[in-house]
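A.B. asks: Throw the hints in and build the complete structure from the sequences for me.
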Amino acid sequence: MAASPSALPPTLNDPEIEKHVEELEKVKSPEEFESKLSKIGFSVANWMKILFNSPQEEEFHAEWLTIDEYKAQAHESMQNAWRIVNLSNWSVEKKGARGDLVESKKTEQFGKVYRFTGIVEAPPKFLYEEFKDNITKLPEWNPTILKSELIKEVGPGIDLSYQVTAGGGRGIIAPRDFVILRCTAPLNKEGQVVASDPYSYISSGVSVTVPGYPPHRDLVRLVHKLECI
1 MAASPSALPP TLNDPEIEKH VEELEKVKSP EEFESKLSKI GFSVANWMKI
51 LFNSPQEEEF HAEWLTIDEY KAQAHESMQN AWRIVNLSNW SVEKKGARGD
101 LVESKKTEQF GKVYRFTGIV EAPPKFLYEE FKDNITKLPE WNPTILKSEL
151 IKEVGPGIDL SYQVTAGGGR GIIAPRDFVI LRCTAPLNKE GQVVASDPYS
201 YISSGVSVTV PGYPPHRDLV RLVHKLECI
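Numbering (the UniProt record's numbering), first residue to last: 1 to 229.
Note that these hints are calculated values from the structure, not bench results. One or more of the hints may lead you astray.
Subject to a maximum C-alpha distance of 30 Å in a straight line, what follows is the list of computed DSS-like cross-link-like pairs (lysine-lysine) [claimed, not checked]:
(1) K147 / K125
(2) K225 / K125
(3) K105 / K189
(4) K71 / K132
(5) K105 / K95
(6) K152 / K132
(7) K95 / K106
(8) K106 / K225
(9) K137 / K125
(10) K94 / K189
(11) K95 / K189
(12) K225 / K132
(13) K112 / K147
(14) K112 / K94
(15) K94 / K125
(16) K71 / K125
(17) K189 / K106
(18) K225 / K71
C.D. replies: Pasting the structure below:
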């Protein structure tokens, strides 16, 4: 019997979750998805709560790295993001009426990643500078961001920031927070940083731990292995 949507979701360990995820990725219809969940005693809502609100059980430990270590990690993250987003043969997940596109791809290093393509009515350089220089103002125009705090400037285009995002899905997704090491830069076609005539702009990030920002008991600590705009 499937659990009611209001019931607390059963507890699963990571290997069990991974096993069920592998099985659910093979379904070919919403009906088959719900049927498989029902057989293991889940409603769709409770399954999503398990996926998106897994508790952090590891003891918090953080220490400051050197400036050079942060710079190296930031540049490595940026190069990884550039390489992944420019891979070929992505699978289409969803197409929007206004030309927006959601695609996915399985990678050896980061697992399954998603790429969103959309149109923003603003000059690329303006958007780049807005993300680069005004990260603390994100909540003013992005309703999904409740808090955006600059922790430390590491170097040109590299910083540490802390953000809190709103929950969603009618309570299925709990509010979450994350600490990000960001790298913003103008790039050429090969993904190398340039001083002028860029082919594109990038703002990439990877999750890190820093002293003074432990996981909050009322928030789910989000871990970004790879992200970029």
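A.B. asks: Going back to the hint list, which numbers does this structure go against?
C.D. replies: Hint check: nothing fails, all pass.
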